[in-house]
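Undergrad: The chain contents come next:
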Amino acid sequence: MSDNLVEIKGLHFAYNSRPVLKGIDLTARRGQVVAIMGNSGCGKTTLFRLISGTVRPTSGLLSVDGLDVGALDQRGLYQLRRRMGMLFQFGALFTDMSVFDNVAFQLREHTDLPEEMIRDLVLAKLNAVGLRGAHDLMPSELSGGMARRVALARAVALDPMLILYDEPFAGLDPISLGVIGNLIRRLTDTLGLTSIVVTHDIQESLRMVDYVYFISEGMVEAHGTPAEIKASGLPFVHQFVHGEEDGPVPFHYPADPYAADLGLSYA
Amino acid sequence: MGVATRFFLLTMLHSGICLRRPQLVIKEVYSAGVLSLIIIIVSGLFVGMVLGLQGYDTLQTYGSEEAVGVLVALSLVRELGPVVAALLFASRAGSAITAEIGLMKATEQIAAMEMMAVDPIARVVAPRFWGAAISMPLLAALFSAMGIFGGYLVAVSVIGVDEGAFWSQMQSAVDLKDDILNGVIKSLVFGAAVTVVALFEGYDAPPTAEGVSRATTRTVVTSSLAILGLDFVLTAFMFRGL
Ligand SMILES: Nc1ncnc2c1ncn2[C@@H]1O[C@H](COP(=O)(O)OP(=O)(O)O)[C@@H](O)[C@H]1O
Ligand SMILES: [Mg+2]
Numbered sequence: 006m007s008d009n010l011v012e013i014k015g016l017h018f019a020y021n022s023r024p025v026l027k028g029i030d031l032t033a034r035r036g037q038v039v040a041i042m043g044n045s046g047c048g049k050t051t052l053f054r055l056i057s058g059t060v061r062p063t064s065g066l067l068s069v070d071g072l073d074v075g076a077l078d079q080r081g082l083y084q085l086r087r088r089m090g091m092l093f094q095f096g097a098l099f100t101d102m103s104v105f106d107n108v109a110f111q112l113r114e115h116t117d118l119p120e121e122m123i124r125d126l127v128l129a130k131l132n133a134v135g136l137r138g139a140h141d142l143m144p145s146e147l148s149g150g151m152a153r154r155v156a157l158a159r160a161v162a163l164d165p166m167l168i169l170y171d172e173p174f175a176g177l178d179p180i181s182l183g184v185i186g187n188l189i190r191r192l193t194d195t196l197g198l199t200s201i202v203v204t205h206d207i208q209e210s211l212r213m214v215d216y217v218y219f220i221s222e223g224m225v226e227a228h229g230t231p232a233e234i235k236a237s238g239l240p241f242v243h244q245f246v247h248g249e250e251d252g253p254v255p256f257h258y259p260a261d262p263y264a265a266d267l268g269l270s271y272a
Numbered sequence: 029m030g031v032a033t034r035f036f037l038l039t040m041l042h043s044g045i046c047l048r049r050p051q052l053v054i055k056e057v058y059s060a061g062v063l064s065l066i067i068i069i070v071s072g073l074f075v076g077m078v079l080g081l082q083g084y085d086t087l088q089t090y091g092s093e094e095a096v097g098v099l100v101a102l103s104l105v106r107e108l109g110p111v112v113a114a115l116l117f118a119s120r121a122g123s124a125i126t127a128e129i130g131l132m133k134a135t136e137q138i139a140a141m142e143m144m145a146v147d148p149i150a151r152v153v154a155p156r157f158w159g160a161a162i163s164m165p166l167l168a169a170l171f172s173a174m175g176i177f178g179g180y181l182v183a184v185s186v187i188g189v190d191e192g193a194f195w196s197q198m199q200s201a202v203d204l205k206d207d208i209l210n211g212v213i214k215s216l217v218f219g220a221a222v223t224v225v226a227l228f229e230g231y232d233a234p235p236t237a238e239g240v241s242r243a244t245t246r247t248v249v250t251s252s253l254a255i256l257g258l259d260f261v262l263t264a265f266m267f268r269g270l
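First to last, the sequence lines map onto chains A and B. Letter by letter, the first sequence follows residues 6 to 272 of the working numbering. Letter by letter, the second sequence follows residues 29 to 270 of the working numbering.
Bear in mind the hints are in silico, worked out from the structure with no lab data behind them. Please note: incorrect hints may appear among the correct ones.
[What the hints assert, rightly or not] Okay, derived cross-link-like pairs now, SDA-like style, lysine to any residue, Cα gap no bigger than 25 Å in a straight line:
(1) K55(B) - L82(A)
(2) K55(B) - D106(A)
(3) K27(A) - H257(A)
(4) K55(B) - E114(A)
(5) K55(B) - D206(A)
(6) K55(B) - M122(A)
(7) K55(B) - H115(A)
(8) K55(B) - D141(A)
(9) K205(B) - P148(B)
(10) K55(B) - H257(A)
(11) K55(B) - M143(A)
(12) K55(B) - H140(A)
(13) K27(A) - F99(A)
(14) K55(B) - F99(A)
(15) K55(B) - L118(A)
(16) K55(B) - A139(A)
(17) K55(B) - L142(A)
(18) K55(B) - Q208(A)
(19) K55(B) - R113(A)
(20) K55(B) - P148(B)
(21) K27(A) - L142(A)
(22) K235(A) - Q208(A)
(23) K55(B) - P119(A)
(24) K55(B) - E120(A)
(25) K55(B) - T100(A)
(26) K55(B) - S103(A)
(27) K55(B) - F105(A)
(28) K55(B) - D117(A)
(29) K55(B) - Q37(A)
Chain B on its own, in the form it takes in the complex:
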């Protein structure tokens, strides 16, 4: 834990290169963010559709089926968007980062870089951190948007809930600061947590095939647990005002 913290601080300290050479970060936004688009879009859509079905079913009992839009939107923006997107991000992008850095170490690419008087923390780790940390909130927002669209498809197009009520209730119930901003903060924190775990595990992996494969597994397990734990803490602070 102490080593990981030191690693994180070193990464922050060496992040200047990301401002001087933004193309390094853009490349990582592509591999962490753009390449995660498909899984985020498809999962978001399905999660939203399921929410639509389940929400309608429950709300119907109380005669307030138009509120299904509110239920879908709030569940996604506050919780499911940041959390599920981060879990998917951990298994799609986090594992890839760990495997890549672990292999770079195992094949002496990191050592070669140090021999060429280039600091791998600045050149390899920092751009990946910022690339992934920038991607995560965008992916979570996309996930929520796709989910709301999925909920709309099911509730309005298939079941036949009134379209006007669906949107207007959603608009009046979702608060910019309490819901959306808090959701964005969550996804920022989750993104940073996943990326630090992934980078650290890769950098720390024993330089063997077995070491890299174990590190990749550990990235997914550790960062998933971190996401869920952090989500509880953040939710407690944000919505209960603890």
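Just chain A, same shape as in the assembly:
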């Protein structure tokens, strides 16, 4: 069994011939929390779609637990996904089911466990995210942070080997943000998972993750442990860490010279 759960080499991907990923190299070791950072639209969600087999790579190597994801058929994909959890940006809880039924969903769909055992498992998962008392609420009654914790409990319901988190911190207050960050770390360590977190929150990431990748323009711009990242003087990382508006990532969308747009042509 290889030490690397997710291995990506020279991964290319294009939507309708518009390239989004242009040669990504990335590995996630078992038991690690890996952060992927980059500006909006750089292809982070797309990378998750590739890892989960929703879309297939144009070229390059992409393996999860030794399986070539791009080559799996529907059956193989579904089998792989049972061992994989994904936390969507706003939780994506099923709005017509209670919190309990949301967490029980995969247990009921994929196992023949008796209802008492499902109940014990669900309450244990909800307890791990601190929401056992909320089990009979509906998703519409939850705050954003709570919804994401329930989604987290749902994602770990079948004890997956890998969890993908798509911007788990977006739109949360600082307290909820810290709670989610700690939960990701704790669940990864106690359940022996591997976690890949897409996020903009550099401070939270540098605090809790094991390894960071910066993606820009469809390529890995920089990578390293939080300590290495902080120590590196790369201009891109510097801009990201300090939240500067202009730098290697320009403030202006590419445009003709302003003077030309204003009709002030002196040519």
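We have chain A already, so just place chain B with the ligands on it with the hints.
TA: Positioned in the frame of chain A, the structure of chain B with the ligands alone reads:
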């Protein structure tokens, strides 16, 4: 059209779950059928009362006002029951199905389900199809029954048509196969058509607020047109023997 057909075939292919877990279908019978009861009952009653009034008025000229029962029953069982109930069903239940599935898509619930290795066609679409398709003939039958009751109220209780004649003429004129069975077939076809349109529009909707609202409108418009078009075709086959 081709995509919708493929979608329908996929739904049929994945309908096994509905037999294995009938409670999934029952839940949808509740939201599509039971929640449509009020509008069906009230509309049926009023349509029947209007038929009673109009029918009496016309038949009186020919001195055959007892036949008002026949007129009310045949109009409802053959045409108005299936058609009006289906139109109401499209705007009440069809639009709700489209909005629900469109929103499930927009909020990534469908994607989440696929990520959990559960096929949304089997888990979300198929139970809704069967739930709604089962509800529709029952609603149409209820609509006709309420309409006949409304016609009775107006003709017998208010105007004073002879009660015995009202019922006996109706019984001898309405044929089990030609009228009732054909009416049931119509409502089955309309129910399936409305539901497929509603499910497809929801599943196909762009995952935005605007996309979902447009899809909901399209469901009502498309399925209403489909009902009326299919009604013509079916009527031509059934009653003219084309
Ligand atoms: N389904 C799609 N079809 C075509 N283009 C897409 C699709 N999804 C995303 N894109 C484009 O691909 C790029 C990367 O998107 P995404 O992976 O969502 O970025 P991120 O998650 O990093 O913000 C964006 O420019 C986006 O417009
Ligand atoms: Mg994204």
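Undergrad: What are the numbers of the hints the structure violates, in ascending order?
TA: Violated hints (numbers, rising): 1, 5, 9, 10, 13, 18, 21, 29; every other hint is consistent with the structure.
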